[in-house]
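The primary structure of each chain is shown beneath.
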Amino acid sequence: MKGRLSRRDFLKTTALMGGSLLAGGVTEALGYKEEFPVWTKSYGVLVDLTKCVGCRSCERACNEVNKLPPPDRPFDDASVFERERRPTAKAYTVVNRYETEGGPVYRKIQCNHCNEPACFSACPIHAYTKTPEGAVLYDPDKCFGCRYCMIACPFYVPAYDYWSALEPKIVKCIFCYPRISRGQLPACVEACPVGTLTFGRRPDLIKLARKRIIENPGKYIDHIYGEHEVGGTSWIYISGVPFEELGFPTNLPKRPLIEQVKGFLGAVPVVFTVWPALFGMCYAAVKHRSETKEKEDKK
Amino acid sequence: MNHNETMEKPFRSWFMEKLLNGMTWPEYLRSLVTPFNIFAALVLIVGIPVIVQRFVYGLAAVTHASYEYPWGLILGWGLFGGVPLSATGFVMATAYYIFGFKRYRPLVRLGVLTGFMGYFFAVVYLLVDLGRPWRIYYPMIVGFGTASVLFLVAWHVATYLTVQFLEFSPAILEWLRARRVFKWATFITIAMTIAGIILSTLHQSALGALFLLAPGKLHPLWYSSYIPHFFLASSIYAALVQVIVVSYLCARFLRHAADSYFLESLDGLTLGLAKGAVVGMYVYFVLKWVGVAHDDNWHLLTTPYGKWFLVEVLGFVLAPALLMTLGLKTGSLPIVRFSAFYAVVGILLNRINVSIIAFNWHLPDHLHHIIPPLKEIMIVITITTIHILIFRWITTRMPVIRQEPLEEYQH
Ligand code: SF4
Ligand code: SF4
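Protein sequence lines correspond, in order, to chains A and B. The first sequence finishes on residue 1766 if you use the numbering used here, and the numbering steps up by one all the way, no holes. The second sequence finishes on residue 434 if you use the numbering used here, and the numbering steps up by one all the way, no holes.
Source of the hints: derived by calculation from the structure; they are not laboratory data. No residue lacks a Cβ here, since even glycine has one placed at the ideal position from N, Cα and C. One or more of the hints may lead you astray.
Stretch-level coverage of chain A by chain B, calculated; a stretch enters the list once three of its residues show a Cβ under 8 Å from a Cβ in chain B [to be verified]:
(1) 1524-1532
(2) 1588-1597
(3) 1616-1624
(4) 1674-1687
(5) 1700-1713
(6) 1737-1744
With the rest of the complex left out, here is chain B (with noise of 0.2 Å):
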């Protein structure tokens, strides 16, 4: 008796201290009832049961099961979207370790955790569009498709996954309260950064190599011999305007959970950021130019794809390179960040625009074909808003956006 109830005093007080941060279970599920949360519990009751059916009844239950589109929003909004969005934790790393910017110190580890969980999750919509989900371990024992871009990718989404989790482990660990953060995992923090290179540089170009193989198929204002080094150059400015959006919107929403040396500063750091970023920018926007020059597709231009082309690159990587560097000479911070939020948006669109809407262009009916159903659209937002969930939790409980694990500040 009495061993047991000393067993369950520390038990319990830990539970509440580190889960439900500090509260008791009355108290805790009372404040999660916020508009936000009513909104994710719609979407998690109607999303589940179609990830359910996805898995019970095959693909064609819930995507156009087309032969000729065999990738649709799943891989192009998770895989292809999400990837270069999660860049955040090899740059900001690269920056910080590398490069010697020890200022942006308060974002390194956001930028990691951004980081992970979006390969993390990248996997996730990966699972749900496998066809054997469960073989998904199969290129790194069954069969080495070596002269295969998407072998290379497999491997290094894998290890730098591994990496982004040992270079997020700090974290956890002082969570967990291991006081003396392993020697080890500081010191091969070098080591693993650089690693994380190699690998980022690698798998965010092999993204754009994989449609190397189908020059038949994608619109050849897309397909380009550079479309690895366009895929790379905009993840690197996708990173950076990442950090802005995603520092900011936890400074925003999630302000409880992060301390005045975060708060205090963002400001600047985000201008700092910001012109990495328009840098970035501009270099990516006269390298899509160098790729429509080097295969002389000029005359393209004109045609309706010529002039969805001209919408991506002038629309969604000129205009909000233009709108950040009025807000820098201006240090208009709304300016900067809603101008990295468009630029977001702008990955996302080239992202898809190679993927599915330049992908079978020539096709009749293309454009009819390329409008996911409902379902597969359910399941993008589902995951996104487990996404958010899952990012909201550990935020709110490791320290990401603060140096220590918050009840220090409260004591």
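Isolated chain A, as found in the complex (with noise of 0.2 Å):
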């Protein structure tokens, strides 16, 4: 899956277009229940946000790790906060403060590197991948800029660099695969100074996420944003304010997006094989009438 075309992706992609399918080889052909084996080891965040203090450490650490364009307005600048903003072109995180009737919540937001995620599934040529590690990567050079994978995501994170003619590219998170490949904390984990970001495996984190709520009551409300939300992401959230409240979705199903699609695109080998057979017959039924007329006619 890492990149390179198997050669069942070359089958499945013969039968999309060419239909040579039946079927009953429609599940097979969409495959998206095998294509993400890896989740239950994948790795994970877990966002405490009851912890956050709007510091920005992250934003700057992620800046500095990733060779990121200076930011706009310093790091240490709380006026940022008095606009709701969301992962730029030149930023893969921001942090935002929320009001709330029990006073400010900041909430830090990136790419979630969803489970089965829909950038993955929206683009046409495969510019994504889902490591086992959990971090959803994308690849510029095989990108040509159409921006579906901008209209799936759910979270509204990836970025385009509208501002390059020759190489606009897809600006997001990549959950510092490099470093944790390397078994280092991702750049933002390590620069939080009061403990909001947990690094581990995505089920202990869920875990512990669950003990928290229980043991502390009253603290938390009872629910740990991306369990279930769109089948699951990697970076899961505590908070003690309902999350509708600090801008997260909150409409989404909880089945991975792609299995709405999946009526449709199981839909296609059908067409493929009944139209021709049904139209032929059109054709041969009106030929044959008219033939027959024509004769009639002649007579």
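Please dock the two separately framed chains into a single complex, following the hints provided.
Spelled out as structure tokens, the structure:
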């Protein structure tokens, strides 16, 4: 699955294109079940929103480690909190402040590294990869810039470098893939001074999140955001206030988004096999009728 | 010397006959000075530099460069609006070749040309909008996103463009006086028509299915598991009303390029097409309500977006359908033609609603974001103008709304 085109991929492609496939093979052709065998072991980050103090150390660390362009405003300038921000072509992650009844709550936004990413399913060129470690990576050498992944991402994460005429590309968090594959922590996790971010295996993080919710009655709402949303994400969140007050999308299905398209993709081979037969028969019938009519007219 | 002269003569007369419509250069140039052409020239003078700007300075120079709204008017108009209105080729060819509606013969080529040009220009809009258009073939070679609906759209539009080119090629061959239109061209017509049906069914619906991946972003009144069906069903009547509109415009403004066969049969055929279109519109109208009922979205109808939904469905589907029914009952061609035009506008409105207006409806400042910048509008107007100019160029030269090349009738 890692970027390279396997024989099975090729067969699936041929099936979608040529439609030589019969209805029985449809699920095989979609194959998304086996495509993501890794998430039980993959890494994730638990974000405890009750802890974040909005210091933006994570933003700064991310910027340095990933050699991103300098920010428009310095990392210690609190005036950025006046507007709700989102990851951009210059920043993989941003921290926002939300005013709630119990005072301000800060929230870090970055790619959630979904278990079955919508960006991955959207891309017509397979520019995205979900690695066994959990990171969702993007390859600018494949991308032609349709920006369908931006349409598809339910969390409004991928940004696009519209200002480049020759080499525009998608920009998004890479889960510090080079670092985590060396056994290091993601830069943001390492930089957080108050322990908002916990890195670990996703199943362990879910247990940890549940433990915190149970052991601190009244402190958290009873919801781990990202446990089930769109099939689960590598980054998961616990919070003291309802997630919709913090700008999280709360209208998302529990199943991976690709399943919304399953029915449609499943119909493709059917059209390829049934239509020629159906319309071929129509043609034959009409032709036969007009020929008989001609003969009768001649008589 | 001698040799040169003899070579030159046939070429000059070929050139004049084929490209200048039998006129000399000065005559031809004078014939070009018409109000429409002056308008078109102005549009191109203003618009082409804007398109150049897009390629030199990047998309940010001409669009909002928005992260939340990656697709704007260029695709909303050119791809989502253009493709259903280009179903003309597949619908007319199916009616004529498969279902044997032989009397529609004068309109088949026009339908195929309208369709071919529509797809061609959908690709042009796409090339303007893609970040790296020179990689447009990547889904065919570099990586196969088999679970991606856009992958399917890319393959089908590319294949279908070829099919439509082949379908139209007899007209080009006749124009070039390749007297014997190749046997194979007619031989594979049926196969191509059926291929066209498959490809069209799938990519028309796929354009709707693209949005299935964004349930959190598209307003629930437009987001429906039926959206592929909506797109397909509406594309069929879109094709019929579009043929009514285009054939009328041809008869009106390109009369000199039409033969009497086309002109005399047009009124009758228009009524015939309208009968089909009306049925299609009512079916689509009912389908839309099935969608609302299926998702139990009735309570949303009283919200502002619900009212906008009603405007679309009642004002731009039901109203043109009723008007067209009235036109048919009274046999009034002006009413039929007007309602066809009205229905075309309705199709555009629906596609723009799905791809722009109802998309991200819940974001703050949404209505502000979806107003396209002037330069993006200019690009759309410019490409549309070029589309019309090329369409006219072909129609006045090749046998599209006449049976044989024009000069045969003059001599
Ligand atoms: S959050 Fe968005 S960009 Fe990140 S993996 Fe999920 S769908 Fe892709
Ligand atoms: S913009 Fe690039 S990465 Fe995103 S879907 Fe299109 S081709 Fe794939």
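Problem set entry | Stated coverage of the stretch 1616-1624 of chain A by chain B [criterion: 3+ residues, CB within 8 Å] | Per the Cβ count (5), the hint holds.
Exercise. Do three or more residues from the stretch 1737-1744 of chain A put their C-beta atoms closer than 8 Å to C-beta atoms of chain B?
Worked result: holds (count 4)
For this session: With a C-beta cutoff of 8 Å, work out whether three or more residues of the stretch 1700-1713 of chain A approach chain B closely enough for the coverage to hold.
Result: violated (count 0)
Exercise. Would you say the stretch 1674-1687 of chain A counts as covered by chain B, given the rule of at least 3 residues with C-beta under 8 Å?
Worked result: Violated: only 0 residues of the stretch 1674-1687 of chain A have a Cβ under 8 Å from chain B.
Problem set entry | Given coverage of the stretch 1524-1532 of chain A by chain B, tested with a Cβ cutoff of 8 Å and a minimum of 3 residues | Not satisfied, violated; 0 residues make the cut.
Exercise. Do three or more residues of the stretch 1588-1597 of chain A come closer than 8 Å to chain B, measuring C-beta to C-beta?
Worked result: Holds, because 7 residues of the stretch 1588-1597 of chain A bring their Cβ atoms closer than 8 Å to Cβ atoms of chain B.
When each numbered hint is compared with the structure, violations occur for hints 1, 4, 5.
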